[in-house]
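Residue numbers (my numbering), protein chains in the order written: chain L, 162 to 586; chain R, -5 to 181.
The set of hints was computed from the structure by calculation and includes no laboratory data.
Incorrect hints may have been included.
Ranges of calculated distance between the beta carbons of each label pair, as one might list FRET restraints [unchecked claim]:
| no. | chain 1 | residue 1 | chain 2 | residue 2 | range |
| --- | --- | --- | --- | --- | --- |
| 1 | L | K475 | R | P175 | 36 to 46 Å |
| 2 | L | V311 | R | N125 | 19 to 29 Å |
| 3 | R | D174 | L | T331 | 21 to 31 Å |
| 4 | L | E533 | R | N169 | 16 to 26 Å |
| 5 | L | E364 | R | N169 | 39 to 49 Å |
| 6 | L | P230 | R | P55 | 53 to 63 Å |
| 7 | R | Q99 | L | D259 | 50 to 60 Å |
Where a beta carbon is used, it is the ideal one built from N, C-alpha and C, also for glycine.
Here are the chains, one letter per residue:
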Amino acid sequence: MHPAPENPISETREEPLADTPASRPLSRRALLCQAVTTLGLTAAQAILSPLRAEESSVPTDPTRVPGTPPTLYGQRSPFEKSERVVKSWWGSLTPLQDLDGVVTPASLHFERHHNGVPSIDPSHHKLLVHGLVDRPLILSMDDLKRFPSVSRLVFIECSGNSGSEWRAPTGQTAQQTHGLTSTSEWTGVRLATVLKEVGLKPEATWMLAEGSDAAVMTRSLPVADIMEEGLLCYAQNGEALRPEQGYPLRLVIPGWEGNTCIKWLRRLKLGTAPFMTREETSRYTDLMPDGSARQFTMVMEAKSVITTPSGGQKVRPGFIEVRGLAWSGRGSVMKAEVSTDGGRSWEEAQLQEPVLPKCHTRFRFSCRWDGEETILQSRCIDETGYVQPARTALIAVRGMNSDYHNNAIQSWKISREGHVTNVQV
Amino acid sequence: MFRFNLVAAVLVITLGIGWQKGLATAAEAHSITGYGFGHAPSDRELQGWDIDVRPTGTGLPAGQGTVSQGATVFAGKCASCHGATGREGPMDRLVGGQGTLASRQPIKTIGSYWPYATTLYDYIRRAMPFNAPQSLTNDEVYAVVAWLLYQNDIISTGTVLDAETLPAVHMPNRNGFVPDPRPDVSR
Chain L
162 MHPAPENPIS ETREEPLADT PASRPLSRRA LLCQAVTTLG LTAAQAILSP
212 LRAEESSVPT DPTRVPGTPP TLYGQRSPFE KSERVVKSWW GSLTPLQDLD
262 GVVTPASLHF ERHHNGVPSI DPSHHKLLVH GLVDRPLILS MDDLKRFPSV
312 SRLVFIECSG NSGSEWRAPT GQTAQQTHGL TSTSEWTGVR LATVLKEVGL
362 KPEATWMLAE GSDAAVMTRS LPVADIMEEG LLCYAQNGEA LRPEQGYPLR
412 LVIPGWEGNT CIKWLRRLKL GTAPFMTREE TSRYTDLMPD GSARQFTMVM
462 EAKSVITTPS GGQKVRPGFI EVRGLAWSGR GSVMKAEVST DGGRSWEEAQ
512 LQEPVLPKCH TRFRFSCRWD GEETILQSRC IDETGYVQPA RTALIAVRGM
562 NSDYHNNAIQ SWKISREGHV TNVQV
Chain R
-5 MFRFNLVAAV LVITLGIGWQ KGLATAAEAH SITGYGFGHA PSDRELQGWD
45 IDVRPTGTGL PAGQGTVSQG ATVFAGKCAS CHGATGREGP MDRLVGGQGT
95 LASRQPIKTI GSYWPYATTL YDYIRRAMPF NAPQSLTNDE VYAVVAWLLY
145 QNDIISTGTV LDAETLPAVH MPNRNGFVPD PRPDVSR
């Protein structure tokens, strides 16, 4: 691979595009052919019925038929099929390879819950703030929305993101390797505003946050570290939180592991020490090779992944815009670098402005693929100067049993045929 | 309570003055010592939610349970997910694994990994059984905690667990945890 010439667009146009079915525009005829060839096969017909429904609603020339009327709540085009991958009862993964920009649609934000998504009527939902405070309070959702509000774009990443990649490459796509991270614009009231309202006692150094799901999920958080940036959020990307993201109220701690961002938040209790809940002792602790375990490993360190081209995709020789996401729980992305030779050399990628702290940052890198087998990588360097490590460097320190916080460099191999697969180097 | 009323009174007066002048400016609003939203919880409101149990034992309710009572509870309400002896699954293994944490195949269980016995009470009471959380009585939770600790060779068969004895149980991996040293990987 080589960096692209000055004017990559004109170069691209000289490359003949392979006439593969995937590269053809989705036409009425193509869809019709598929439907016709399966006529008479009852089972197949049933499977294809959604396709046929789309087909029937698409005119051959949309300029000659009046369009559909306005609707109460918008839907995406029936031709768009990008979906989360449901991992198990406990969660689902964001299709990073299908998304552009940095904002994750709320409907595609990854999920991680500990006993399902509760159904909550917001008119009955309450937040109790008590413990070592001067004035314990119960706040309704209406109360919370009356406080001064703030909006902020931040990523939330599960500490288990890429956890299945410690020992060997397992995920086939960027969604499967890195899909437990998403970015939203979160809106709510600053945690500090509410804690100031109740009046913290001087000895209140830890805060228990508790959800009203069937796991009554709890985490203890050190007050000094969350006062500045913690948010009590009721909105995501401009509308109310999705149920699976904590409707009607979620704690968001920018840059910290997702499980600290307690969903369906019902209670904050101030104390003098960690409450040592199950989720900060037997879970979300990082086992080291000597048998000790790191506890309260909150920050999600700098990480990145190339989303185009990525696992499961196919590339063609010629111009490629390598695209990806970089982020750091310690602040802003200072630099994203791309290697087209398996990590031997690195070149700086272009960052999409605005570059926001603790937020997914889109990077792009123009190059040409000459058809030879190669390995693509990216690495994030954040404002602290921290460089996203190679997998071998990470394992040398932490071994392979720590489960969480795998922020190793991801490698995508491009075969001579242009197939992209997940590999480790 | 007197202090709260005083604050509320000051707030009412402050807001009242502000209102007479029209809307207060942002700077004025910021200087307001309290917004006055919400209400103070009653003891009854606190009771239903204030369920956390700390390593000191704070929060443990009255009641007690024995190993043999726990065996019955576990067989009836837990074994279908965790196995007859707490080792078989299909869900989390709860028993055994002591001495494996530094091996290539660590087995993290209550006995090998959990640092505090009180966490068991807190977690089981709030979240178990998975299909019917918060359905166990306080005595049943004490009992099933006793059975799990006995299965892990941490307490003897005759131990009765209650709010006094549970926090005194020493877990084998009590000192197994260290603070976060990151950043720990250099380039």
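How the hints compare with the structure:
no. : hint                        : in the structure
1   : L:K475 / R:P175: 36 to 46 Å : holds, 42 Å
2   : L:V311 / R:N125: 19 to 29 Å : violated, 39 Å
3   : R:D174 / L:T331: 21 to 31 Å : holds, 26 Å
4   : L:E533 / R:N169: 16 to 26 Å : violated, 54 Å
5   : L:E364 / R:N169: 39 to 49 Å : violated, 25 Å
6   : L:P230 / R:P55: 53 to 63 Å  : holds, 59 Å
7   : R:Q99 / L:D259: 50 to 60 Å  : violated, 37 Å
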